[in-house]
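Enquirer: This is what each chain is made of:
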Amino acid sequence: MDVLSNLALGFGVALTLKNLAYCFLGVFLGTLIGVLPGVGPLVTIAMLLPITFGLDPVSSLIMLAGIFYGAQYGGSTTAILVNMPGEVSSAVTAIDGYQMARQGRAGPALATAAIASFTAGIISTLLVAFFGPLVGKWALEFGAAEYFSLMLMGLVFSAVLAHGDLVKSLAMVVTGLMLGIVGTDVTSGLPRFSFGMAELLDGVGFTVVAVGLFAVAEIVQNLARTDKVEVFTKDVKNLMPTWADLKAITGPTMRGTALGSFFGALPGITASVAAFSAYMLEKKIAKDPSRFGHGAIEGVAAPEAANNAAAQTHFIPTLTLGIPATAVMALVLGALTMQGIQPGPAVMTTKPELFWGLVASMLVGNVLLLLLNLPLVGVWARLTQVPYRFLFPAILVFASVGNYSLNNSAVDVYLCAVVGVLGYVFAKLDCQPAPLILGYVLGPMLEENLRRALLMAEGSFTVFVTRPISLVFLLASALLLVAMVVPSLRKGRARVAGESEGD
Amino acid sequence: MNRIVTLAATLLAATAFNAAAQAWPTKPVKIIVPYPPGGAVDVISRKVAQKLADQLGQPFVVENKPGATGTIGMALAAQAAPDGHTLAANDMTYSLLPYVFKRLPWDHAKDLVPVTTTVFVPYAIAVRADAPYKSLGDLLAAAKANPGKLNYGSGGPGTAPHFATESLMLAAKVDLTHIPYKGAGEAMTALVGGQIDLFIASTASLMAQTKGGRTRVLAVSGDKRLAALPDSPTFAQAGLPGYGILNFNGFWAPKGTPAEVVAKIQAEVAKAVATPDMVAFAESQGGFPGGTKPDAFAKTVSDTTKMWAPVAEKAKVERQ
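Heads up: the protein sequence lines correspond to chains A and B, in order.
If you read the first sequence in this note's numbering, its first letter stands for residue 1, the second for the next number, and so on.
If you read the second sequence in this note's numbering, its first letter stands for residue 1, the second for the next number, and so on.
This is chain B alone, in the form it adopts within the complex:
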């Protein structure tokens, strides 16, 4: 009797598995956002979720599971059934986690599979509009002349702007003082108010104040100028080749999600982010739409993760 039940269960599971592989989604899809509502990851995920729901006729539900730099939500996603009906959303912060925490509740390299990107947003360096630094060269010269005198802001130790600036300090061989704030928004306010000298962040966070004439972007990542910030050179043009940070937003799936399902999710997301209003949204932030193939995204994630190793060592980030 028991054996028959087991057999039936196995068969049932196998059919369900096959059905999932061929037809996804068969039920509402949950996208876990490991941050509070309203952040960059949350907003882009909700926009993409709505597009996917329209395209596929199933609800795509964004669920915020914030806490502990996103590790609570990511750990939950890692434990979910690998059938494509639970996804996790995150950004470049994911690549920093191994350097911020002594121990993560899931295997960072294995338990979550990168599926695809939604949007890329380059990092840029900004100073207050009335600061004496007209170019990146001016700023770096001032930093070299007064080691440790210039202050930079971040949303806290172990956040992307913190690592990005420490990485710049390595590349440009300068010494800046870190002033941590509670979140990038507070750091941005401090930059506008003249409390800190510079702030390196995604163009999405810098755009409004730069367009409003309160901050000046001295250089942007990437190999060409941005249409949204035509006056700002690239880091290479500004005299710092080899420096550049591209923030990625994307989706992850639990390990064991069938490759066909992963491919289908990627194809649908790529379609969603290529619609005109999504492209326009990405460009208004200084970014460009994603839709990357799973293997390419996986390489981006692992390369970026490796890139931070020397930075974390230099910044002497003490792990939690």
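So here's chain A without its partners, still in its complex pose:
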């Protein structure tokens, strides 16, 4: 097959000693920076950019790509251990991963994250190799109307899935929407809820919200306790997942990979949306959804698979079309441009060693990441045995450093503290942070694309049903609503009562 001979060419490039070294350097750096919130691949790649001028294009691309997907591995480490998402897309992993760590299952959680990421990385890279150009063209069909309908479907999914106290969930979604609205309105260019602060004109950063809501609020809650309950149990069972664990994560990993690969190929959708969707899907189809949020291993596997799959398929629009899916991809493109390579459809034919070399290196890199991360699980897991009085100041310092380095601005650190206080209040009121994050992520995209679609259609709402892809999403949402609402209406009352007692 053509793809196979191309892959052979790619491995010829990727397996040279030099490129192996750059690949390792990339994934190693990526793992490191993934651990720190705020210090993401964007900053790292920007700082390394001048160094790459001296390298040949393939080597620099292999290294930069390694940093990017390596960060997706590293980001889950602190999310699981101390409830501090190192990367934006790891926020979802924190929900169940941290609970697992508290129950003495940090090892299995970390290993699950690594295994799910690895599986997703390999599968999605093969997708890039076999279907890259095809998918790239299809992704271009997505305009404002399609994105709106897709986001709407996401919201409908989550509304249907909301369990427990519906009013509280809704309140949290709305709070998230309001947080997402802060900043300059994309359509009018006017500031909203910025209170005259220049720092708020670009909105409240995701890292600020996620770290404040998860890490800071958790610390305050733990310190506020007067009883002598340990934050982490001293009773650590096993470091590696059991066979039962592995069996439990197979399905979620595959579904997460599928969702992540899909979202990653769309320019304009970030890995965090992919991770969220995967999490919601698992919660939906689980036999016992109430386990989620209390250390369900599926809740770690699915989002980790999704965000790593998305990280690989982000390269589809980038390499086959020359269209960057994210800011990091734009930077990678910039690096290629500076090397005198015009990224675009022509790259695959004029520079096959570049495209296939990268694809092969992504397969190699994922293996390296697994080899790098699995032995580290034991080291990391021991971190939970550090007395909390030493652990929490360290977490706060890292959270502050990460938030500062986001924009090199102290305001982000203060904002994070404010969000932390809010998070504590929410916890006391028994409100879950997940719906808030969902509203915060989806809300602005929903609004932006709705207004953009209407601007283009001169105010006519028919645009959402006349465009086929958009129509499909809308129909799917409607079907879902009907399918979910009808049976739950029948037995709704009984179940709601049962759940609130269970909590």
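Worth double-checking, as some hints may not be accurate.
What the hints assert, rightly or not - In the DSS-like style, the derived pairs of lysine-lysine whose C-alpha atoms are separated by at most 27 Å in a straight line are:
id : chain 1 : residue 1 : chain 2 : residue 2
1  : B       : Lys271    : A       : Lys137
2  : A       : Lys137    : B       : Lys211
3  : B       : Lys149    : A       : Lys137
It should be emphasised that the hints constitute simulated quantities derived from the structure, not laboratory data.
The hints should help you fit chain B onto chain A, whose structure is shown.
Expert: Frame of chain A, contents of chain B only:
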């Protein structure tokens, strides 16, 4: 006693000042980039910074201070010590700021002194490769026949592509509908995907897709065709003389930076951007290297700022 201390301090300050005037740089130089890493201003600043470090033997550190259309970083630079060890990098966006914000935290015309340019990149107008418009004339005729029906993209209200297109609407007397995106990259994707009809942006942002055969550049700014885009006429050749926008990238220094230091920075930057790899980089983007003298750059900045006044009024840009 107090008086002696004051005197000593003054003397010390004066010597330090003189030393700075004669010998620059005496310590690491900070270049504030008021945008996130990876943008056009960031990339060119990092390239020039590396050259300057090699030439002068002092580190040149690029520091990203993004936020609020670059005003946070520029305000910080305006407050820095005026000794040439803090510079701010920006592009044509600087000339738009007075029309985007009601109030800037520094005096736009006075508190930051233009030092020199690093690279110039012309603006060009692009449509999708399979669009029916083969020339600027075709496009403008279609726009005249269907007022408000054609959509143009931008990276958001108050960005350079927004102003540049509104300026074209004034010059060509046509009416187009503005579809704002979050950043020029998203707008470019929308153009390639056929969501919008046209996009006016720097040749740097249009080059890759045009070379890749997905977009067509109908006209470029400037008085002659670009070597990188030989098939695209100038706006004058395409029938719209008097329209043309040249994006400048450059450095600013806080007000009060000694003229000798400003002159030295300009000379060193001019040397840096004239090296073959920098020239090649500029040309690959459709641009050409800068190195402009401080007074000429100051005139460019103030002329460009004035040029936008009627455009901002026409576009009814509501200030933040």
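Enquirer: Evaluate each hint against the coordinates.
Expert: How the hints compare with the structure:
no.: 1; hint: B:Lys271 with A:Lys137; result: violated (44 Å)
no.: 2; hint: A:Lys137 with B:Lys211; result: holds (17 Å)
no.: 3; hint: B:Lys149 with A:Lys137; result: holds (26 Å)
Taken one by one, the earlier hints fail for this structure only at number 1.
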